[in-house]
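S.K.: So the protein sequences, as listed, match chains A and B. Counting in our numbering, the first sequence runs from 3 upward without gaps. Counting in our numbering, the second sequence runs from 8 upward without gaps.
Errors might be hidden in some of the hints.
To be verified - Calculated lysine-lysine pairs in the BS3-like style (CA-CA distance at most 25 Å, straight line): (1) B:Lys560 to A:Lys181; (2) B:Lys44 to B:Lys560; (3) A:Lys71 to B:Lys643; (4) A:Lys144 to B:Lys44.
Claimed, not checked - Label-pair ranges, simulated between beta-carbon atoms: (5) B:Gly581 to A:Asn176: 38 to 44 Å; (6) A:Asn176 to B:Ala273: 53 to 59 Å; (7) B:Val641 to A:His68: 33 to 39 Å; (8) A:His171 to B:Leu586: 29 to 35 Å; (9) B:Ala765 to A:His68: 53 to 59 Å; (10) B:Gly73 to A:Leu70: 16 to 22 Å; (11) B:Asn338 to A:Asn176: 47 to 53 Å.
Calculated directly from the structure, the hints in this document are not laboratory data. No residue lacks a Cβ here, since even glycine has one placed at the ideal position from N, Cα and C.
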Amino acid sequence: MTKKNQLTKESGLSRRSFLKGVGLTSAGLAVTSGGEIFAEASGDASVKIISPGGATITLEVNGKKHQLKVEPRETLVEVLRDRLHLTGTKIGCDRGACGACTVIVDGKNVTSCLMLAIDAEGKSIETIEGLEKEGELHPVQKSFIEYDALQCGFCTPGMIMSSKNLLDHNPSPNLADVKHAVRGNLCRCGTYPKVFQAVLAASKQNKGE
Amino acid sequence: MTKDVRIQVGVADNLQEMALKVPKNDPRPWDGNDQLKYIGGRTTRLDGVAKVTGAAKYTFDMRLPGMLYGKFARSPYPAAVVKSIDYSKALKAPGVKAVLPMQEKLPFSVRFVGQEVAGVAAKTLNQAEEAAKLIEIEYEVKNFTVKLDDAMKENAPLVWDVQVKEEASAGDIPGQENTLPQVGNIRGPNVSARNATKEEIDSLVNASYVTSEGVYRTQVQTHSAMETHGVVAKWDDDKHLTVWASTQSTFRTRKDFAERFELPEANVRVITEHMGGGFGAKFGADTFGVMAAKLSKVTQAPVFFMLDRKEEHWAGGNRPSSLQNVRLGANKEGKLEAIKMLCHGSAGIGTGSGTGNPFKNLYPCEKLYVEESDVFTNAGMGRAFRAPGHPQGIFALEQGMDDLAYQLGLDPLEIRRRNTSHEVRLKEYEIGAKKFGWSQRNPKVAADSGPIKRGVGMANSVWYYFYGTGFPATIQVNSDGSVEIMNGVQDIGTGIRTVLAMIVAEELGLDISEVKVKIGDSDLGAGPASGGSQTTGGITPAVRKAAYLAKQKMREVAAPLFGVSPEQIGFENGRAHVLGDPSTSLGWQQVASRIPGGQFKVVAERKKDYFGNQFQIICGVQFAEVEVDTQTGVVKVKRVVAVHDCGRPMNRLTLESQINGGIIQGVSYALFENRLLDRNTGHMVNPNLEQYKIAGSMDIPEIDSTVIDVFKGHNSTSAMGIGEPATVPTAGAIANAIYHATGARIYDLPMTPDKILAALA
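Construct the entire structure; sequences and hints are all you get.
M.R.: Pasting the structure below:
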């Protein structure tokens, strides 16, 4: 039996092709060729049409605005890492399963591999690089070091972002809250017990206890 | 030239004096009486800030000017011959710079789904992915086999039509390479016998007062390190290659590249500043590394080549499966009289599935017969995985021991006590049992009346002390007082970077903040591979000796300043003083400012231990408490008490983290993980992390770990490793706790709800 084939062709709907599809369809029907963005379809200002050539968008990352041209299919994590050189945010699975790419978008945990960069426009994005203020580490960062809540460190930025966001919304979490907050962050070194300790300790520090 | 020293050796506080001859230039070995400032304490990681701020650069984060991205076209067939490859469409795709075959000569065979066929380099990763799909490959598809039991049948499709030779990786137990018969898909058996033949062992078991028999199965587990495998390769010129690699061995990787590209090893530089976990899967140049370097050569650009998660599951290595036939016989007192174990396991197209070592090394049983065979299947190659063969073997052996205990009406801990005389192990039993509250356990099985049943169980760890020699540690002291320790060893997350600084600070009487560590670069001198739990034991004696030599130099510099001889100078708290007279002292920097020429370097090499290559067991025991929901079959591990040893502990803070990690990987192995291959297509059906379940934050038991001090005086630090020992007993302890809770023995990993319910029915 002789067959012509190649693996990736058979792999069906990939996350990226799915996102790509969503990006285009949500943008409306007609795609202008060559132009940057954006006609407003049927008078609805909330609907933008973006050409495959890309769109110039403004991203607010760690309080700083960046104007850049992105392709519709580019994910937020790709833009953070490859355009803005913020490589602290990692990719572990590229489909929202491991949490290594966790960033905070408008106060919510987001797996940035599952968000298109164009959909992050107009939102406030926080990454691991933004936690240190005027040379002072965030209490969660300090606590991670003190309690050794990291080993290889690859999941650490995502783990810290989830923990920080927990404390932003719940300054006095209990153990169950902490476990719940990082349930989307996988750590293969298995450093969870110390993550729990570190976050609980940071919450106490926050309150000056 | 040697000197005589007397040191205190022993276990915990049970110390005895030992006389020892050590080379004249060696420091006196740290012993059980030494009160040390850093060693054995808790020091936070030197790279902590880099890792919590995102500043730490992993191979995955490398971005070089003009860098291209590499991607493989992989076989969709588990067994096929690649007859032709047409690159024309791929070459025309946007951004593509080069396309190369994995093997120069056509046709060639592929033996598992996801095997590499051709590689492409393009300007962006998306472009490389798209172009890889455009490579047209003509396959002649063959019959295949992916299931262990099917592959063992006489008429099974042959995975290999050639004799397979085992290649040991740096993560394997040294000296295990062997040549064995190969019939059909079965390679082996590798026979280990102690005072019994195959014929005799069964009658010995049969004649025992009590016997335990079981057929145990363990699944394939993937390493699933958070950072996938990969490199960035860059040719500096025709003869010089620099590779950033996510590797557990900068030097093995360098050697591989040097051999593959016919370069002197010194012409290859491998850099691993930070790496995102390995667990045994990351040694050497690997297929992607070779392809990256080839693509880099033809494009004259750096090439980034990292696997995605699916590729990682297909081709990044795994813990082989096992099928273990176990027969144990013991006398009335529970003393083992005969052990028989026959195992078959599949490491896919590779070798190394044996689970015999725990059977051979945990209990000193006089009569033993073990056979180990690899069964080839059309699946990705197994690799060393945190204690190769041991979690599998312990799962079987320790359930067998438990079974013997219950048959005899003995406490499962008591039967272990009766089968060991190892001082360390006995001490660990004592501590662990007390911390766990073992004596309060209900001796009855399945005693809880409600649907949720609680149970407790325990199992032993067994691992070995390995180390390599010849590793040079270099220390440079500069006239501004700064001190740098340099060696090429990589920190895979265990914290060896921090341990090196602790040793230097300890020896020189400095604050740890004053010691800089440069590691993870093959230009800094050979370091151990981080496999087999040998990094700490391998490198620390060289580091301590280098620090000791640096101290001698600094004594010579300081002596004239005090008007005494060098031997009279001591260093403490960052200051030099005359020994016995702390009243007048000079700061370390003041002394350093007098270094002739402004700096000096000393180099010390890892030599053989004082007792040579003495075989040493690393012990360890874990106690587990589980809750089994007998209506749903769900098992929750509530609590694990672990007691371990690793010679003299260096940094208890990071040591604890490693033990936590070993236990959690063990929980994950016991309850969740399973690489599943579709028997109709050979494809992995759960190749990403939402389907391949690993333990997460909601699955973590309460963990209480203790590390006892073992002072052997075998070298200047007495350090040994903990990486493997910590994960060896967990699955076995959980299985025994499930039995205690429910009265059902689970012979098959992972212990998922369906199996629990089936066993209870």
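S.K.: Confirm or reject the claim that His171 (chain A) and Leu586 (chain B) have a C-beta distance inside 29 to 35 Å.
M.R.: 58 Å, violated
S.K.: Do Ala765 (chain B) and His68 (chain A) keep their Cβ atoms within the hinted range of 53 to 59 Å?
M.R.: 56 Å, holds
S.K.: When you take the CB atoms of Asn176 (chain A) and Ala273 (chain B), is the distance between them in 53 to 59 Å?
M.R.: 56 Å, holds
S.K.: Given a hint of 47 to 53 Å, does the C-beta separation of Asn338 (chain B) and Asn176 (chain A) actually sit inside it?
M.R.: This hint holds: roughly 52 Å between Cβ atoms.
S.K.: Checking one constraint from the list: CA of Lys71 (chain A) to CA of Lys643 (chain B), max 25 Å. Satisfied?
M.R.: Since the Cα atoms of Lys71 (chain A) and Lys643 (chain B) sit roughly 49 Å apart, the hinted pair is violated (cutoff 25 Å).
S.K.: Is the Cα-Cα distance between Lys44 (chain B) and Lys560 (chain B) 25 Å or less?
M.R.: 22 Å, holds
S.K.: Holds or violated: Lys144 (chain A) with Lys44 (chain B), Cα cutoff 25 Å?
M.R.: Roughly 23 Å between the alpha carbons, so the hint for Lys144 (chain A) and Lys44 (chain B) holds.
S.K.: A range of 16 to 22 Å was offered for this pair. Does it hold for the Cβ distance of Gly73 (chain B) and Leu70 (chain A)?
M.R.: 20 Å, holds
S.K.: Could you grab the alpha-carbon distance between Lys560 (chain B) and Lys181 (chain A) and see if it respects the 25 Å cut-off?
M.R.: Violated - the C-alpha atoms of Lys181 (chain A) and Lys560 (chain B) are around 52 Å apart, more than 25 Å.
S.K.: Should the hint that Val641 (chain B) and His68 (chain A) are 33 to 39 Å apart at their CB atoms be regarded as holding?
M.R.: Cβ of Val641 (chain B) to Cβ of His68 (chain A): about 47 Å, so the range 33 to 39 Å is violated.
S.K.: Taking the beta carbons of Gly581 (chain B) and Asn176 (chain A), is their distance inside 38 to 44 Å?
M.R.: 43 Å, holds
Hints 1, 3, 7, 8 from the list above are not met by this structure, while the remaining hints are.
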